[in-house]
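Enquirer: Here are the chains, one letter per residue:
Number of protein chains: 2
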Amino acid sequence: MPVIDSPQNRVPKLLRALHTKKGREESGLALVEGPKVVEEALAAGRLAFVAWCREASDEAGLRSILRAAEAAKVPVHELAPRAFAATADTVTPTGLLGAAGLRWLGLAELEVPDRAKWLVLCDVRDPGNAGTMIRSADAFGVSAVISLGHCVDLYEPKVVRATAGAVFHLPLARCEWPELRAWAADKGIATVATDLGGKVSLPGLTWAARTAILIGNEAHGLPEDVLTQADVRVKIPMSGRAESLNAAVAAGVMLYAASAPLRDTHKKDKQPNTEGLDGEK
Amino acid sequence: MPVIDSPQNRVPKLLRALHTKKGREESGLALVEGPKVVEEALAAGRLAFVAWCREASDEAGLRSILRAAEAAKVPVHELAPRAFAATADTVTPTGLLGAAGLRWLGLAELEVPDRAKWLVLCDVRDPGNAGTMIRSADAFGVSAVISLGHCVDLYEPKVVRATAGAVFHLPLARCEWPELRAWAADKGIATVATDLGGKVSLPGLTWAARTAILIGNEAHGLPEDVLTQADVRVKIPMSGRAESLNAAVAAGVMLYAASAPLRDTHKKDKQPNTEGLDGEK
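So the protein lines, in turn, are chains A and B.
Just remember that the working numbering sits 2 ahead of the position in the first sequence, which is counted from 1.
Just remember that the working numbering sits 2 ahead of the position in the second sequence, which is counted from 1.
Only chain A is shown next, with the shape it has when bound in the complex (with noise of 0.2 angstroms):
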């Protein structure tokens, strides 16, 4: 295909206007940025197109990439500078862009195997805790993402960057907490809110084999109709003079705390003898 020069064509009007919710919605595109997400995005089968830019790129750290896309059949365009600075408001430093589509599932067609955890986004505004809780929901295994309230949305560019490309192979979805708090009594989800003012001591917390993990937006927490109906308030312990964590990192905690029962009963079931096998990974 012949480099696109013109910032009026196409391909390049159509990444710029994937920086907007507006954009997004009416494409049913994410905007991917760098090699390592956009490597994601076509290994979870998402990656729509991709456009390069040679005098912005250090060209063979995107040949393998470029040459993937291109086997998997992904149009691969060269964008000119001129056609490529058009394509965001601040220049893209590795010279690499796709579109990637957006998926939303509905809570009815989530899976739900017997021991499974979902993590539950309610109100979190900062583009890059929603992408960072994303990458950890991954890395613990998490069966899906549920974005509750008025989340930032979960495709927008800070945050899929944040995710690290892990925003492509989660399942998503999203609501509002009474249809959600519907399914999870039907599914036998125990709905557990972090929290603050929470009752229970997190190392003190008898996980359900279905648990679903709520966390709430930064400065507020959790709204109040939630905290009450949920199953359970925990709280993590906090030994030190400040009671308070980034919001990421409370996640990520509660997805480390919650993965630990299905490793002690992953233990009991299969590997009954973990400490010697963990020593020689």
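Hints are computed from structural coordinates only; laboratory data are not their basis.
No experiment lies behind these values; they were computed from the predicted model shown.
Among the hints, erroneous ones may be present.
Same chains, same label: a pair holds when it works inside one copy or across any pair of copies.
[What the hints assert, rightly or not] Dumping the calculated EDC-like pairs for lysine to aspartate or glutamate here, alpha-carbon to alpha-carbon at most 20 angstroms:
| no. | residue 1 | residue 2 |
| --- | --- | --- |
| 1 | Lys38 | Glu245 |
| 2 | Lys160 | Glu41 |
| 3 | Lys38 | Glu220 |
| 4 | Lys23 | Asp128 |
Start from chain A and add chain B according to the hints.
Expert: Coordinates of chain B only, in the frame set by chain A:
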């Protein structure tokens, strides 16, 4: 004091200089932004002066912090909009800035309690990550934070902001690895390297009474000499597809896990019936 109007006045010029490391080291001051962080610097006895702009602020919201500063004999400067605009490239949304004293301790000056943990940041580059780690360190009762190698300056404005003020409450030290290693050996402090390739899985780690937790660079982890010479290399077990966590989340999980044995000891020593007490909190 009269309202400062000139951008050439010493107060706005000094505040602006605090955006650079040179400006901070020359003046021995760090920039603090917004009521929350200014309040923490004041509470720690570290606030040198504050500056605010009536037109850029919600005056009522600042009244209590300005009064508290005056009561503590901390100079309060009112800046006219054009002088305030000169303090930074971007607008400070809260209309409140301050300067707080830097404080770096040598390893020899750090307290070494019988039971304690230290957080060591090695080549951490992202200011938001470094600040979030310091905030977690404060929340989980860390004794001091130590900066090693090519870490971002822990008094950079973005770091200070991400600490939510915790940076003024925790002792900070900086050194190189051989010095840290010798100090730890001398004081009987176990050095625990957080490492994706670690041989010991975090839940199986036996925590020493005195432990230094080492966190490495976002992309490259800890340097080879640290990995080979640390007492133990520990891995946070991940069950998901991506074996990768944000560095600040990894640090938070390590600190949470390190707090558990201390909690257990406290229980045994002082609170045989903590379960019930926890429920009352």
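Enquirer: None of the hints should be skipped; say for each whether it holds.
Expert: Hint by hint, here is what the structure shows:
Within a single copy, Lys38 and Glu245 get their C-alpha atoms only as close as 35 angstroms, which misses the 20 angstroms cut-off; across copies the closest is 14 angstroms, which meets it. Taking the shortest alpha-carbon separations for Lys160 and Glu41, only the intra-copy value of 17 angstroms comes in at or below 20 angstroms, while the best inter-copy value is 30 angstroms. Taking identical chains as interchangeable, the C-alpha atoms of Lys38 and Glu220 lie at most 20 angstroms apart only when they sit on different chains, with a minimum of 14 angstroms there against 28 angstroms within one chain. Within a single copy, Lys23 and Asp128 get their C-alpha atoms as close as 15 angstroms, which meets the 20 angstroms cut-off; across copies the closest is 27 angstroms, which misses it.
When held up to the earlier numbered hints, the structure conflicts with none and fits them all.
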